[in-house]
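Student: Starting from the given sequences, assemble the full structure and let the hints guide the process.
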Amino acid sequence: MPLHLKRLLMTGVVIVSLFLLLKHALTPDSFGQYGHYRGNSMAEIAALPVHYTGNSSCVSCHDTIITMKSESYHSDLSCEGCHGAAYKHIASPKTEKLMKPDSREFCGKCHSINLARPEKAIVQVNIKDHHPEKNCIKCHNPHQP
Amino acid sequence: MTEKKTSLSRRNFFKNAGIAAGTLVAASTLPAFDAVLFAAVKRNTKGPWYGIAIDIEKCIGCGTCAKTCKIENNVPQEPFFFRSWVEQYTIKKDGTLKVVSPNGGIDGFTQSIPAEEIEKTFFVPKMCNHCYKSPCIQVCPVGATYETDEGIVLVDEKYCIGCKYCIQACPYGCRYFHPDKHVVDKCTLCFHRIKKGLNPACMDNCPTKARISGDLNDPQSAISKFIRTKNVYVLKPHLNTGSKLYYNALNQEVR
Numbered sequence: 001m002p003l004h005l006k007r008l009l010m011t012g013v014v015i016v017s018l019f020l021l022l023k024h025a026l027t028p029d030s031f032g033q034y035g036h037y038r039g040n041s042m043a044e045i046a047a048l049p050v051h052y053t054g055n056s057s058c059v060s061c062h063d064t065i066i067t068m069k070s071e072s073y074h075s076d077l078s079c080e081g082c083h084g085a086a087y088k089h090i091a092s093p094k095t096e097k098l099m100k101p102d103s104r105e106f107c108g109k110c111h112s113i114n115l116a117r118p119e120k121a122i123v124q125v126n127i128k129d130h131h132p133e134k135n136c137i138k139c140h141n142p143h144q145p
Numbered sequence: 001m002t003e004k005k006t007s008l009s010r011r012n013f014f015k016n017a018g019i020a021a022g023t024l025v026a027a028s029t030l031p032a033f034d035a036v037l038f039a040a041v042k043r044n045t046k047g048p049w050y051g052i053a054i055d056i057e058k059c060i061g062c063g064t065c066a067k068t069c070k071i072e073n074n075v076p077q078e079p080f081f082f083r084s085w086v087e088q089y090t091i092k093k094d095g096t097l098k099v100v101s102p103n104g105g106i107d108g109f110t111q112s113i114p115a116e117e118i119e120k121t122f123f124v125p126k127m128c129n130h131c132y133k134s135p136c137i138q139v140c141p142v143g144a145t146y147e148t149d150e151g152i153v154l155v156d157e158k159y160c161i162g163c164k165y166c167i168q169a170c171p172y173g174c175r176y177f178h179p180d181k182h183v184v185d186k187c188t189l190c191f192h193r194i195k196k197g198l199n200p201a202c203m204d205n206c207p208t209k210a211r212i213s214g215d216l217n218d219p220q221s222a223i224s225k226f227i228r229t230k231n232v233y234v235l236k237p238h239l240n241t242g243s244k245l246y247y248n249a250l251n252q253e254v255r
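Those sequence lines, one after another, are chains A and B. The opening residue of the first sequence carries number 1 in this note's numbering; numbering runs sequentially from there. The opening residue of the second sequence carries number 1 in this note's numbering; numbering runs sequentially from there.
If you're looking for bench data, these hints aren't it; they were derived computationally from the structure. Computed from a prediction, not measured in an experiment: that's the story for all the values here. One or more hints might be untrue.
Said to hold, decoys possible - Pairs of lysine to aspartate or glutamate, EDC-like flavour, derived with a Cα cap of 16 Å:
| # | chain 1 | residue 1 | chain 2 | residue 2 |
| --- | --- | --- | --- | --- |
| 1 | B | Lys164 | B | Asp180 |
| 2 | B | Lys158 | A | Asp29 |
| 3 | B | Lys133 | B | Glu150 |
| 4 | B | Lys195 | B | Asp149 |
| 5 | A | Lys138 | A | Glu105 |
| 6 | B | Lys209 | A | Asp76 |
| 7 | B | Lys120 | B | Asp94 |
| 8 | B | Lys46 | B | Glu157 |
| 9 | B | Lys58 | A | Asp63 |
| 10 | B | Lys133 | B | Asp149 |
| 11 | B | Lys196 | B | Glu150 |
| 12 | B | Lys158 | A | Glu44 |
| 13 | B | Lys195 | A | Glu44 |
| 14 | B | Lys120 | A | Asp76 |
| 15 | B | Lys58 | A | Glu119 |
| 16 | B | Lys181 | B | Glu157 |
| 17 | A | Lys120 | B | Asp215 |
| 18 | B | Lys46 | B | Asp180 |
| 19 | B | Lys230 | B | Asp94 |
| 20 | B | Lys133 | B | Glu147 |
| 21 | B | Lys98 | B | Glu87 |
| 22 | B | Lys196 | A | Glu44 |
To be verified - Covered, in the sense of this in silico footprint (three residues per stretch, anywhere, with C-beta under 8 Å from a C-beta of chain A), are these stretches of chain B:
| # | stretch |
| --- | --- |
| 23 | 60 to 69 |
| 24 | 123 to 131 |
| 25 | 134 to 146 |
| 26 | 185 to 195 |
| 27 | 204 to 210 |
C-beta atoms are modelled at their ideal positions from N, C-alpha and C, and glycine is treated no differently.
Tutor: Below is the structure:
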């Protein structure tokens, strides 16, 4: 075999083995475990923290208010839908307080008149005309509207 | 020695034309492709097969789903990044269509068009369709986005190279480029909650229970009943994405 071909062949062998070495070193262990992706990433995503802990975590302390709410028009609402994510409050209830939204705009997000809101689904008012001088919660208890 | 027939001979022409015509006639007897329920049939034999259902007749456009999604999943608060958002469609009496989604609906909707000009208006909550045969997965050059056995489309943020090809491939605009992580981010159907036995945050907090998710394999699940009893439709069925987000009362104007 001529020398130049030998050199070419050697270079080829070096390149291919370098590629295989790099591929082996750089491919994550769990790649291809279930398919053409890194299998461990599923467990990593599944381990992310939960922020909205659900009504069941509120009951142990706020049972009276939840009972009141469960008999009202707002029975289907989750506590955190209005009060925000409770994960910090559950860890340290004394220091981490949840928000108590009381603005007309906040109630209006559901209850202001909009033709797109199905009439049967929700009670709607014109928040510009309906007692504009005071907040909704002066008359309506949000847990027993 | 026989003479080899050229491909342009009269005999070959009639033969090929006959084959083509016969194939066409045979193909016309095949059942039509059912894009809407294509992905709803049992695709996972080992466990659940997740789907999503949204009832437009129940959506009041409060934007709680979009708000809770951002907090639950640490989505940037700027109004360009959404995993889940709400659009208001308004069809005016003159036939024009207007679609608005101010901050994804998080701050609520105010009706800008006078009521007397409106023919019809409704809210359409949107999120990842978790397609079976999803186009976003097909285009990923490195295998950073994938579909789990349960039918949930996920992104491996450690493996994504940020080429944004999947953002272009998604016909529903459900992916965005994370401004800090410099990788693509999308709805995981709250994979971290589902694996802990909880519902996705947007569905737990929806005040009218307009959105549900669940196991399509289980004929008694709420979503299976939803699909059986309602007139369901998916977005862009002509693209054959295998969307598993089923809408009740979806207008054809919705894109």
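Student: The structure should be examined with respect to each hint, and the outcome stated for every one.
Tutor: Checked hints:
| no. | hint | in the structure |
| --- | --- | --- |
| 1 | Lys164(B) / Asp180(B) | 15 Å, holds |
| 2 | Lys158(B) / Asp29(A) | 13 Å, holds |
| 3 | Lys133(B) / Glu150(B) | 13 Å, holds |
| 4 | Lys195(B) / Asp149(B) | 13 Å, holds |
| 5 | Lys138(A) / Glu105(A) | 14 Å, holds |
| 6 | Lys209(B) / Asp76(A) | 8 Å, holds |
| 7 | Lys120(B) / Asp94(B) | 11 Å, holds |
| 8 | Lys46(B) / Glu157(B) | 27 Å, violated |
| 9 | Lys58(B) / Asp63(A) | 28 Å, violated |
| 10 | Lys133(B) / Asp149(B) | 13 Å, holds |
| 11 | Lys196(B) / Glu150(B) | 15 Å, holds |
| 12 | Lys158(B) / Glu44(A) | 10 Å, holds |
| 13 | Lys195(B) / Glu44(A) | 11 Å, holds |
| 14 | Lys120(B) / Asp76(A) | 28 Å, violated |
| 15 | Lys58(B) / Glu119(A) | 10 Å, holds |
| 16 | Lys181(B) / Glu157(B) | 8 Å, holds |
| 17 | Lys120(A) / Asp215(B) | 29 Å, violated |
| 18 | Lys46(B) / Asp180(B) | 37 Å, violated |
| 19 | Lys230(B) / Asp94(B) | 30 Å, violated |
| 20 | Lys133(B) / Glu147(B) | 9 Å, holds |
| 21 | Lys98(B) / Glu87(B) | 10 Å, holds |
| 22 | Lys196(B) / Glu44(A) | 13 Å, holds |
| 23 | 60 to 69 | holds (count 6) |
| 24 | 123 to 131 | violated (count 1) |
| 25 | 134 to 146 | holds (count 4) |
| 26 | 185 to 195 | holds (count 5) |
| 27 | 204 to 210 | holds (count 6) |
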